[in-house]
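Please work from the sequences and hints to get the whole structure.
Just so you know, the sequences run in chain order C and E. The opening residue of the first sequence carries number 173 in the working numbering; numbering runs sequentially from there. The opening residue of the second sequence carries number 1497 in the working numbering; numbering runs sequentially from there.
The set of hints was computed from the structure by calculation and includes no laboratory data. Values in this document were obtained by computation on a predicted structure and should not be read as measured data. Don't be surprised by glycine CBs; every beta carbon is placed ideally from N, CA and C. Accuracy of the hints is not assured; some may be wrong.
[Unchecked claim] Each pair of labels, with its calculated beta carbon distance range:
no. : chain 1 : residue 1 : chain 2 : residue 2 : range
1   : E       : Tyr-1702  : C       : Glu-313   : 50 to 60 Å
2   : E       : Lys-1782  : C       : Glu-209   : 39 to 49 Å
3   : C       : Glu-313   : E       : Ala-1789  : 16 to 26 Å
4   : E       : Ala-1619  : C       : Arg-308   : 38 to 48 Å
5   : E       : Gly-1515  : C       : Val-340   : 36 to 46 Å
6   : C       : Glu-209   : E       : Ile-1596  : 40 to 50 Å
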Amino acid sequence: MLKVARFADVIACVALATLVQAGTAARADLSAPIRVEPERVTIGSLFRGGTIQVTGPLEPGSDVIVIITGRTVEEAYNRKGRIGPFWATVGKVTISDVPILHLIASGRPVSKLLSRTAIDEHLVDLDALAHRATVRPADLERNTVLAEYLTLKRGQGLVGMFEEAVRVQGSSREPSFEAAIPWPTAAPVGTYQVVVRHVRNLTVIREETKALEVAYVGLPRLIAHLAFERSLTYGIVAVVVALSVGLVMGLLFKRGTAGH
Amino acid sequence: MFLFLPIAGNAINILVPLGLGSLVGFLSGMFGVGGGFLMTPLLMMVGIPATVAAASDSCQIAAASASGSFAHARMGNVDYKLGGLMLVGGIVGGAIGVQIIKIVRQMGNAEFLIGLTYVVVLASIGSYMFMESQRAIRRTRPRQVPKRGPSRFARLLASLPFQTDFAKSGIRHSVFVPFALCMLVGILAAIMGVGGGFIMIPAMVYLLRMPMHVAVGTDLFQIVFTSSGVTLMQAVVNHTVDLVLALVLALGSTIGAQFGARVARRLRGEQLRVILSVIVLAVCVKMIYGLVATPAVRLSLAGGH
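Here's what the structure looks like:
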């Protein structure tokens, strides 16, 4: 009887140890860092945008919302209005407290994943962005200006919501996620944050962040550096290169071009 | 294949600038006038910011005019004395034009000014060319022009001080005449991103009474310098010269010009002018539409490109 009891204790200990180990393993998986591919977006001469892949472990029963966001900026815009029959700039408007880029990816509509309060708090839709923005001068029709601002930014691909961009993979016990977010060509160089928000029961339960660097390389880097940092040198180089190309073309075609 | 334009800050399918360069070069070779006045509005239509389009077009014109000027210099068609004088006027005008662009850009109306200038110039040139070529087609026999004395305008030009002989062109004018003419064209060159040949050549032939081939050669010679000067100033003052874009345009236009010149030999001069005037007026109508149509978005980034 005693032997049976000892055997049962051993089994119980082994089972407990297994459970503890499994729990530890599960936590280890969840604490594994998210992966962002590529980690650095390089803009070379043939750059035409791309896709940012974000992958990582997922807690069973939860969802994720992936956001790529840029630094907060203050941007000045020209506001067009009618002058006689023409549309021309009639004033300036400054929009501040908004990120320079904000891309949101989820597996289903964010309104089904988070409460309105949480959406606003974590900037998880475009209304939340508009809500956060400051518009000056204050006497302008705020909603109209922000609607135009978001249309402009969406057109450039600098803000956007992708509600079918996150896929859940793996087994139901150890699921993982993969998000594919289109990266726009108009995104300025700089450092962006990839934020993964784990959500359950309409609230954010956990958050992970990883930096994403965007930089010019090769010819665009050289040209941008010269054009904005050494503009006189750039101007001289542009003229010399243009004249050389013209002369070489003239020699190649012998007849030259008659026009200009 | 896409090409990233670092100054425009966006990517473009390389076939677009190459195709536009070829098209404008084709027209340029076909009609014997520059294509700058078509290139900038076409670039604007494909989404290149107006200030970048105008400045990069100036750079492209420097390449194209260097090629053409080289050919004319070898044929002895360049009046260097007159060209030098025109050059000074063109550079002064270019400097004024660049400053105008800088001021209106700060005010936020650079795109509007460039668009409006194009509408006025294209409408004037297109209408004049269309009517003139229609008259030429209707005319079956050359008219006998009655001999008249010098016009009031010619007498006015002759009365100006500092009259100088320009032996190569076989004309005599005050130094102020080519200077003022080129200063005006220089202002337009900076605002519109054009070489100004479509204004200068008629002015040199009809106002200064220069032989056509010397007018073309001399105009190209001074455009090498004015477009280079405008490019340099745009790069320093406005940071809007996209060298990558300019070189692709130059490549397309140089090749297109060769084919245009071959087609031109099969058509009569007045037929060519009708076609060109229709193209000019079509671009003008598109520009007018752009200025009066309600924009999809009424905001644009201030001072950015």
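Against the structure, the hints come out as follows:
1. Tyr-1702(E) with Glu-313(C): 50 to 60 Å: At roughly 53 Å between Cβ atoms, Glu-313(C) and Tyr-1702(E) fall inside 50 to 60 Å, so the hint holds.
2. Lys-1782(E) with Glu-209(C): 39 to 49 Å: holds (43 Å)
3. Glu-313(C) with Ala-1789(E): 16 to 26 Å: holds (22 Å)
4. Ala-1619(E) with Arg-308(C): 38 to 48 Å: holds (39 Å)
5. Gly-1515(E) with Val-340(C): 36 to 46 Å: 45 Å Cβ-Cβ, so the 36 to 46 Å window holds.
6. Glu-209(C) with Ile-1596(E): 40 to 50 Å: holds (48 Å)
The structure agrees with every numbered hint stated previously.
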